[in-house]
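S.K.: Required output: the full structure, derived from the provided sequences and hints.
Position 590 of the sequence shown, counting from 1, maps to 590 under the working numbering, and the rest follow consecutively.
Hints are computed from structural coordinates only; laboratory data are not their basis.
Any given hint could turn out to be false.
Using C-beta positions, here's what the derived DEER-type ranges look like [unchecked claim]:
1. 499 <-> 261: 37 to 45 Å
2. 244 <-> 353: 44 to 52 Å
3. 307 <-> 233: 30 to 38 Å
4. 499 <-> 255: 29 to 37 Å
Where is the CB? At the ideal position from N, CA and C, for every residue including glycine.
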Amino acid sequence: MRARVSIRLSLTLLAAIAAHPARAQGWIIPRPCQPQLARCASTPPAVVRVSSDVRAQLVDRVLHYEVEETFTNRGGALGEADYLFPLPKGAAFQDLQLSVNGEMVGGETIPADEARRIYEEIVRRQRDPALVEWMGRGLLRTRIFPIAPGERKKVVVRFQAVAEREGDALRVDYFRGRAQTPADPRLAGRVADDDASVSGERAPAARTSFTLRYPESDELGTAYSPTHSLHITDAGEMRRVEVRGDAREMTLLIPVRGRSEPAISMLAHAATRDDGFALLTLTPPALPPRATPRDVTFVLDVSGSMSARKMEQARAAGKLLLATLGAADRFRLIDFSSDVRTFRDDFVPAAPREIAAATRYLDALRAEGSTNISGALEEALSPERTPAVDARGRLSVVLFVTDGEPTIGERNPQAILDLARRLRGGHRIFTFGLGADVNVSLLEQLALEGGGVAHFVRPDESPERAVQVAASRLTSPIATNVRVRAEGGVRLSKIHPAGAIDVFAGQDIVVLARYDGNGAGRVRFDGETAAGPVRWTADVTFPERERGNAFVPRLWATQRVGWLSAEKRRGGASAEVDEEIRELGERYGIPTEFTSYFVREPGVTVAGAPPVVGGVGGGVVRDGARRDEAAKSAQGRATVAEQRQQAFDAARGAAAQRAATTLAVVDSAIGEVVEGSAGGTRRAGAHVFLLRDGAWVDAAYREALKTVKVKAYSEAYFALLEQIPDLRAALAVGERVLVAGREIAVEIAPDGGVETLSERERQQIATGW
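M.R.: Below is the structure:
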């Protein structure tokens, strides 16, 4: 029962926070007292935030975030807490670290059910793990235990996200902190905010900081903020922006120089023989050749739950939408509760007289009745009244606002989606969910099926801003039904977002894809405009080998997982889809519904935790025979302390000292090589490793690769480190490592392997790498 309550709470919070592309800030929810585990006290724990430091860097339209947050227990008893962190939409999770005995310890990606079992086992022994679980789109949950009275815990989260363009600027949003609700009823009313004390008195406010670094160039102007004051300094080729002010909603805008011609750029990563990865960005011309006239339908929920403040905010949002209409546009207003009503029977021109009448109609709306979502959609998408595109090439857009789940009419979400899919035609559907009771999955699927975007607004946030942002983008459609392809012997596959894309004024198109082939090629974007077909092209080079931009595969895998999950909701679960999601999570080290990111105190072992075996997408060993075989292979190995001492003894000179220091930094890997430890996944640079029979095996390794076995810390070992710098991070994963290059693999082991390499042999390895 406890787990069910926790998950329900987390999913509710998801609906409340996933409103904007870059909403992020972790918070702590203390776990309730558990008498059966003797973890209750007269003075309960009270875990609060002490500091939050966010460091972001913009590189090639990608934001690299590092969030460091510190929490303390101001109560009188040992505490256990859930740390929740909402990732921006489409962000690629890199890693999470937790302070253990004053040291930052990294984690691993392992099957979710196994991670949960291991966590509960360690908690019973009062050790110190953290666990990131897939809680829905972009929400990570980390369990932290124990936090002693007066103790501080530090959590560091790293992730990447594409910076979205809004108008003439790149936009960076961040949400700094929120009120906390104690899980223990004895704390009710005593911890009202992140920086409140358990005695009811206000403690010193939590220290917060946000800094952004971005290149100083002709393309990017000086950052400004409508929410905070900024302190900007220039340091060499980078510009540093320090945000000042106490407002929790933070927005930074970085001006982007307008272009009269389209600009296409590509970031590539190709480290193995497999297909490469490409992040393609199209910045369209600043002004479209001719505006596309629109048919805009505003659908507003006026059920009883929309009373008071929500109703006023929704009216204001509708008026903002009306203000964006041009002389060539037409519009409809639909309001619904138990019944469905309309402002007019059909579209009307956006003339001043009709706009004024529609404003009066909005002012007269009252909130009452139930929530008939299916009836409202049927009216909005009715082909008799709302042709998607008529002979003049009009663009039809539906903006759907609701704060709840369907309670009358058709109430089955899948049946509602089927209805929308059948009636949609060429309509673009944008959904807006208000508050914490909305059906997140339903609104996401409606937007996905309708080629639009789902927005979610927190209970204490106005929907006006979300509707205004969407409406302002829809004022000038640049092109619709845009598709991307490659020419010149290169083929793009598994493209995300999938299908045709619409691009509106002040937007870029950002596409993630795999590519097959290499060399000189051309990227082509084809779309439709009011003036006819349009094509934008650029000559690019698809590299055969590119070890930089290691975050691109994670961004692609994150998008792929999101698309697969949406396909599951739409078409039902299948073994093939589940297996692909699981494989993506394990190979690229990202949390999914089947994999969790687990942080364990170094040296902790859990009985019965089987190792992960196999190559790419290897799974958990569950049969007893293979587990026994893995256990036998672990027997006779040196203890962790002995292995580390051997590493230091073998280290010689400056190069050796660097290697030993690196091993100490990745101490979180040590606990994985002891007998009976859990298997998992490690990321080092561009490589992801799976634990296989006591050795860390590159997920990209294939048996067809020629393999060179080298003795650890030998002359050959250090020669390869100097010759191939890419190996340094990879070989720091553990004592036994098998790392794959493009045409050759290097195996490192403490017992066996060559100790010297000739110049010719070293060159052959470097060439095959």
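S.K.: If a hint holds in the structure, say so; if it doesn't, say that too.
M.R.: Going down the list of hints, with the structure as the test:
Taking the beta carbon of each, residue 499 and residue 261 are about 26 Å apart, not inside 37 to 45 Å as hinted. In this structure the supplied range 44 to 52 Å holds for residue 244 paired with residue 353, their Cβ-Cβ distance being about 47 Å. Distance hint check for residue 307 and residue 233: the Cβ-Cβ separation is about 49 Å, which falls outside the suggested range of 30 to 38 Å. Checking the proposed 29 to 37 Å range against residue 499 and residue 255 shows it holds: the Cβ atoms sit about 32 Å from each other.
Violated hints, in rising order: 1, 3; the structure is consistent with all others.
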